[in-house]
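Just need the whole structure built from these sequences, with the hints factored in.
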Amino acid sequence: MKRQNLTIVGGGSTYTLGMMNSLIAEKDSFPLKKVVFYDIDGPRQASNAQATEILLREQYPEVEEFVYTTDRAEAFKDADFFFIQIRTGGLAMRKRDEQIPLSHGCVGQETCGAGGMAYGLRSIGDMFDLVREIRAVNPAAWILNYTNPAAIVAEALNREFPEDRRILNICDMPAAIMVSYAQLLGCEIWDFVPEYFGLNHFGWFTKIRNKAGEDLTDKIKKIILEDGISAVDAEIADDPSWQATFKNMQTMLADNPEFLPNTYLQYYLYPEKMVAKEDINNTRAQQVIDGREKRVFELNQRIIDAGTTKGETLHADIHGRYMVRVAASLAYNLRETYLVIVPNNGAISNLQDDAMVEVPAALGSDGPKPFAVGHIPTFQKGMIEGQLAYEKLVVDAWYEGSRQKLVNALTLNRTVVNVPTAQAIVDDILAENREYLPQFSN
1 MKRQNLTIVG GGSTYTLGMM NSLIAEKDSF PLKKVVFYDI DGPRQASNAQ
51 ATEILLREQY PEVEEFVYTT DRAEAFKDAD FFFIQIRTGG LAMRKRDEQI
101 PLSHGCVGQE TCGAGGMAYG LRSIGDMFDL VREIRAVNPA AWILNYTNPA
151 AIVAEALNRE FPEDRRILNI CDMPAAIMVS YAQLLGCEIW DFVPEYFGLN
201 HFGWFTKIRN KAGEDLTDKI KKIILEDGIS AVDAEIADDP SWQATFKNMQ
251 TMLADNPEFL PNTYLQYYLY PEKMVAKEDI NNTRAQQVID GREKRVFELN
301 QRIIDAGTTK GETLHADIHG RYMVRVAASL AYNLRETYLV IVPNNGAISN
351 LQDDAMVEVP AALGSDGPKP FAVGHIPTFQ KGMIEGQLAY EKLVVDAWYE
401 GSRQKLVNAL TLNRTVVNVP TAQAIVDDIL AENREYLPQF SN
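The numbers in full-length UniProt numbering rise by one with no breaks, and the one at position 168 of the sequence shown is 168.
Just so you know, the hints here were simulated from the structure itself, not pulled from any lab data. There could be a bad hint or two in this list.
As the list claims (entries may be wrong) - Below, in silico cross-link-like pairs of lysine-lysine (BS3-like), each with a Cα-Cα straight-line distance of 30 Å or less:
no. : residue 1 : residue 2
1   : Lys247    : Lys219
2   : Lys277    : Lys247
3   : Lys222    : Lys211
4   : Lys2      : Lys33
5   : Lys247    : Lys222
As the list claims (entries may be wrong) - So the derived label-pair ranges between C-beta atoms look like this:
no. : residue 1 : residue 2 : range
6   : Pro420    : Tyr332    : 50 to 56 Å
7   : Asp71     : Ala140    : 20 to 26 Å
8   : Lys33     : Pro139    : 17 to 23 Å
9   : Asp279    : Pro61     : 43 to 49 Å
10  : Val419    : Lys294    : 37 to 43 Å
11  : Gly401    : Gln352    : 23 to 29 Å
12  : Gly90     : Gln301    : 15 to 21 Å
13  : Thr251    : Gln301    : 49 to 55 Å
14  : Glu298    : Lys381    : 42 to 48 Å
Beta carbons are placed, not taken as given, at the ideal position from N, Cα and C, and that holds for glycine.
In structure tokens form, the structure reads like this:
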């Protein structure tokens with residue numbers, strides 16, 4: 001089995017150490033020869049990297065070379081795979097993304113609604129630059145992107161690089177939900193064969209079967225409706241906000257029991273409820289700054305100071321393990337089934353072909369082969385078409401520098417709807433993001 005060279009773009013992320021633990025947990029399925037971290041923030045990345053050096057020495061000595069750098073040429077030249085997890089503007093801009101819509105009485109969330117629009121607009125240009133620079137020196141590597149908001153980023157990448165079939169956009173949220181389903185049934189997520197359709201952060205499970213073919217969907221629904229469901233993946237299990245989110249799955253299922261919903265649908269189905277629970281001075285971004293970010297970098301420093309990971313609790317979460325298993329299926333032509341984001345091209349037969357949809361696909365060395373979903377019901381189709389139009393208008397607006405198309409986009413988005421509110425939010429977002437979005441100032 002060939003050992004892979006991997007570059008992680010966004011090496012300063014709070015998820016990076018967890019990703020390394022996932023790579024260690026999956027070393028037999030996706031063995032590594034070389035690992036490179038790349039980030040524009042050298043000091044932040046160095047904290048992750050110095051802790052990782054100790055982790056690899058103790059738990060993954062088979063890795064022959066580990067490098068961390070702010071030099072793109074060095075980071076991009078040899079990789080077989082790129083895992084990309086950037087956040088243009090950092091958590092400081094995420095905080096503003098959440099506060100601006102809340103100040104107008106609308107959902108303030110990093111990937112949904114107006115906050116997601118702002119984050120997506122900032123992400124597009126940096127993602128384009130990264131892909132171009134990677135392809136200039138490395139035309140054949142797989143680029144696995146989980147930069148949010150994945151729906152907008154995937155739409156933009158598909159337009160800019162329509163012939164590049166080695167770019168794959170992935171989200172771990174359906175997997176995190178399935179981890180909770182597995183806990184309800186006393187099994188493993190890897191036992192499941194899911195049927196799912198939608199857009200990223202905007203979809204539904206239609207069936208959950210096991211590998212023996214048994215349909216487990218009604219069992220899962222019954223348990224959720226009677227007892228509820230909790231967030232159990234290690235990265236989110238202790239987070240009160242995530243527990244509240246999973247609790248809302250019971251409400252969503254009771255209100256519409258046809259399919260099992262993605263957690264993010266709460267923002268579109270109950271926008272007033274979601275706004276009412278938020279504190280503009282303590283948004284999720286601030287909670288991450290005070291919580292996960294602080295916890296991760298304090299952990300790094302303890303490892304660095306001690307020169308060992310012994311005595312620390314380290315875990316491989318589904319965020320990383322799902323990505324690694326996707327990479328393994330591509331690298332070794334395993335043709336295993338995962339939920340990924342791909343051009344529709346008839347998978348959902350009553351949805352336009354150029355939609356970037358999230359559906360099951362067999363992943364082999366020749367890329368994803370989506371399974372046919374067929375016709376979807378009118379309610380879900382209507383929801384998706386409105387959201388899809390919003391996503392496409394956001395990308396149109398980025399290319400054209402069109403304020404009007406951003407207003408139109410938010411008018412379609414279920415978290416805003418009202419035109420004067422959309423206009424006010426767009427003006428505030430463009431003012432806050434002037435340095436990132438110069439095309440709107442012309």
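Tested hints:
no., hint, verdict
1, Lys247 x Lys219, "holds, 17 Å"
2, Lys277 x Lys247, "holds, 14 Å"
3, Lys222 x Lys211, "holds, 21 Å"
4, Lys2 x Lys33, "holds, 9 Å"
5, Lys247 x Lys222, "holds, 15 Å"
6, Pro420 x Tyr332: 50 to 56 Å, "holds, 54 Å"
7, Asp71 x Ala140: 20 to 26 Å, "holds, 21 Å"
8, Lys33 x Pro139: 17 to 23 Å, "holds, 20 Å"
9, Asp279 x Pro61: 43 to 49 Å, "holds, 47 Å"
10, Val419 x Lys294: 37 to 43 Å, "holds, 40 Å"
11, Gly401 x Gln352: 23 to 29 Å, "holds, 25 Å"
12, Gly90 x Gln301: 15 to 21 Å, "holds, 20 Å"
13, Thr251 x Gln301: 49 to 55 Å, "violated, 41 Å"
14, Glu298 x Lys381: 42 to 48 Å, "holds, 47 Å"
Of the numbered hints given earlier, the model fails hint 13 alone.
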